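Asks: Please work from the sequences and hints to get the whole structure.
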Amino acid sequence: MRSLALAGLVTLSALGGGWGAGCAEGTVGDESSSGVGGSSGSGTPLADLIDPAPGGARRLLGGQYVRAVKRVFGVTASLAAAPPDDIQLHGFASIGATDLAMSPQDVERYEASARAIAKAFVTDTAARKAVLPCEPISPTDATCLSSIASKLGHALWRRSLEPSEAGAVGTLAVQAGETYGSVDQALAYVLLALLQAPDFLYVIELGEPEAEHPERRWLTPVELVTRMSLFLLDAPPDLAWIERAEDGQLANEADLRELALEMLARPEARAALGAFYDEVFRFDRIDETVKIAERFPEWTPELQASVHASIAAFLDDLVWTRNADARTMLTAEHAFVDATLAPLYDVTVPPGSGLTKIKLSEAQQRMGLLGSVAFLSVYSHAGMTSPTKRGVFIRRTLLCDSVPPPPPEVVPKLPDDPSGPKTTKELLEEHMKNDSCKACHGLFDSLGWSLEKFDPIGRHRNDDKGQPIDTHGESPNIGSFAGPAELAGLLSEHPQVPDCMVRQLYRDSMGHFETKGEEPALEDLHRRFAEGGYRVQELLVELVASPAFRLVGEPK
Amino acid sequence: MVLIPSKPLHRRVLLRGAIGGIGAALSLPLLEVMLDGNGEALADGEPLPVRFLSYFFGNGVRLDQFVPPTEGPDYPLTAELVPFGSVKEYVTVLTGFNSHCHPSNKITHHEGMVIFSGHNNRNVGEGEGFFSNTGGPTIDQVIAETKGVGDMTPIKSIQLGISKRPSEVDFGTTMHAVSHAGYLKPLAPEYDPQKVWTVLFDSFTPPKDPSGPLRLGALNLVRENAKKLEKRLGSADRQRLEAHLGGVAELEKKIAALPPVCEKPGKPTEGNIDVAGSEPLIAVSEVMSQLLKYAFKCDITRVASILFAEGAGNTIFADLGFDTAHHWYTHDGDPNVQNKQVHEGVVYVMERVAYLLDTFKNEPDQPDGGNLLDNTVMFCSTDCSEGISHSVDDQPMIVAGRGGGKLTHPGFHYRSKSGENPTDVLLSLRQVFDPAATEVGSEDPRSVTPFQALKALPT
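So the sequence lines, in the order shown, correspond to chains A and B. Heads up: the first sequence begins at 1 in this note's numbering, then just goes up one per residue. Heads up: the second sequence begins at 557 in this note's numbering, then just goes up one per residue.
It should be emphasised that the hints constitute simulated quantities derived from the structure, not laboratory data. Heads up, a few of these hints could be off.
[To be verified] Ranges between beta-carbon positions, derived for each pair:
no. : chain 1 : residue 1 : chain 2 : residue 2 : range
1   : B       : Asp765    : A       : Gly532    : 58 to 68 Å
2   : B       : Thr994    : A       : Thr143    : 56 to 66 Å
3   : A       : Thr44     : B       : Ser791    : 27 to 37 Å
4   : B       : Arg788    : A       : Asp85     : 40 to 50 Å
5   : A       : Arg285    : B       : Gln750    : 15 to 25 Å
6   : A       : Glu333    : B       : Pro821    : 49 to 59 Å
7   : A       : Arg285    : B       : Leu876    : 18 to 28 Å
8   : A       : Leu239    : B       : Glu826    : 36 to 46 Å
9   : B       : Glu819    : A       : Glu294    : 26 to 36 Å
10  : A       : Ala82     : B       : Asp830    : 13 to 23 Å
[Stated by the list, open to error] Lysine to aspartate or glutamate pairs mimicking DMTMM-like chemistry, simulated, CA-CA at most 20 Å apart:
no. : chain 1 : residue 1 : chain 2 : residue 2
11  : B       : Lys720    : A       : Glu162
12  : A       : Lys556    : B       : Glu798
13  : B       : Lys644    : B       : Asp914
14  : A       : Lys465    : B       : Glu724
15  : B       : Lys787    : A       : Glu554
16  : B       : Lys751    : A       : Asp86
17  : B       : Lys783    : B       : Glu806
18  : B       : Lys720    : A       : Asp284
19  : B       : Lys784    : B       : Glu798
20  : B       : Lys783    : A       : Glu162
21  : A       : Lys389    : B       : Glu724
[Claimed, not checked] Where chain B lies over chain A, by a calculated footprint (3+ residues, C-beta under 8 Å):
no. : segment
22  : 267-276
23  : 549-556
Treat the numbers as computed from the prediction; the structure is a model and nothing was measured. The C-beta atom is built at its ideal place from N, Cα and C for all residues, glycine as well.
Replies: As structure tokens, this is what we get:
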């Protein structure tokens, strides 16, 4: 179990250190400088307490690639984009993008995607007019083609192209222009060269070494604005932001916070956070979640779409509309449902009225995230509930506990059931009699039992195979509870829950599982999250302002 | 700077080009004019191609229904081997082998994947219990990298998947791919037969198409860009960039190759889309088998892997009338469930494997009456002995095909009495393609002692 050393936490100063020589550096306990920092009395800047994870290259995620194309070339071109699928590590595609190598099939897909984008763009007259700095006067207009390479390359590669680089792309384009006698083809090959370049496909986070501690490196302004944009908007930065960073307009923490707020004001920020929740809670799998058709005929693609929209609206409302305490995610007494989904919540919503806010049934003890059809259905089997899956979700996803695998000598099995039907809970309780099973299942099964009154598609039920359901439970480090409402209450007060929210966002934003050397920053973020009343919007700003967000170690 | 490199075409590619020049679409990839008088080698002395296929299915078998009671070529087909009736002479069943992976690898199911690589898993349990990364290249990739194998075809290797149900609680690369080019280099399977078809048959550059040299020119700029970037990166990222450039080289080879001139299958209508919540496992298996047959026959690739269902077995065999994932049944202590749902699930998988072998057997591959299975080596295994125990002792293996005459025929059953290292089997299969190879794997599961019984005696 992770222990939370909340007492004596180190804190971040207003400036946090690390803006390089000449920047004033606050220290822990230097409250006068910021008004936000607490004090540990140690006087050490937080940045100095962090041993950053290695820097290096991260691949653009599929969605980020598509959004980059959209920003630079417009909607039509982006619809043609078809990058390879992302692969997750530690539950995050961003971590896979940091560690995993590309396969030959990926390279082929990037090429095919680049060709498709180029084809779509060159025939999109409006986009061409809006995007290109000049229109080639002939298929061999090297000057204009190089200048296009230079401008588009700046936005795509997130750095200025050297004249020789733009020239080389221009030369290829001229060759294509000559071969086909076509300006469109010349232009297409500019795109083909730029879109396949490692400088586009990888985000480089190498930083610049600190003078006295060269093993610690501070991200350059462009690297920083890129990391921010990828995290907050799930897209590479606009060229305007890159230019601002290049012009030195991201020189201090105030600039950084201002830019973060500017990014968060964009609609893409909501979508980006929605995608984060989809990934971390695995709601992106709602569409693929299978239920036995004979037993659950209601589980149709239309319903699945409603389930997904419902949970997305719930989270969006909490974070963006109400900017509420994130822990109320667990105790909220409302949901947003449409006419299709309403019967599963035992309410009625008039057809055509869209997602409507409803009050959840108190009698059913249905609350928040753990009472949502989205959670209850994804974390079930196709034909039966899974207290284990639901319990593991609480441990792993809400508390960030590590769930250990069974000891090697264990032969896990459910016992034979000679005495007729038993509830899922009774079946699982039998293998809890085995000490080696109990060691792990004791951590999560009882959590799932409390939710047994919700069936595999999240409907309320009073019995399981005709047997009464007992929702009482007790779980280490959480306590005992009579049912889902009490469990939700215990979790919402549990210090690991907001700590885990911080950790999950941190992992996603940084593209790695947190290291021991980053713990001081995480603890600081947790404290700031608490002081701000657990508002996710504020946490997002604090995270990008944290020195951990700006520091990297030696390149991996 | 050379923008449009002139790529030297490989001999086989040139041969295809020569045929392409006469504009014929042929039903056989290896024309008689390309073969020597005996039909055993190409006219230029190159041996006929031998293909390698890894086949993986998750969650083990029922040993008491699977392991034949006797050894040797006359072994009886047990209840779980019955599907191999028509191809039995090509099928060798190896049992009693125990994984030599390091005990710390044992977190259930992950360690079983070592059977395909001979390398311990790495990063085991890191941060999360069920986490690991495959520690080194899997056998299919070792063979693909062998001179005279992956370099002879426009596509070095291809990875196919059938069941799309992931093992949700398992993290890291190990459990989600059966092919790995190395540590942190998973090769994700493609589950959509239509996309597989595009990669294998519909993405070649037509002869004289002016786009070919220009696309190569664009890839050359990728290299230039990578070279610049490489200098700034650390070693792990340099390796990733190297893998990227390896992919670029593969694509260059494909662009430079002329389109295959053999018969090509039509685009499949099957897209591996669930029907009323059920996976079309039989249809997808069959289409993938057919696509692979054409790909092997046309010498588009010589190495493939098929991931039927991820380790731990989260697949529901709806065709059998089941409504729960295979994994769940295997943990049911009720003997009736073990004997019905678990057993029938294994038979169902074996039927899919048998269909593939049968498809290959029915495909002529030589003018002298041989077939594709004669010139193929298939290594088939799973991530544990039985799902209920997920033990890596007695992990069953099936080796099929004659390997171009290099594997013992007819097939046989061998049961190890001493828990031999399964990597010995991989080494013997590697030696079919590279007789000089002396090892497979590393650390505990490494092998330097091939399993000799698989090797055909010299004639």
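Asks: Of the hints stated earlier, which fail here?
Replies: 4, 9, 11, 14, 22
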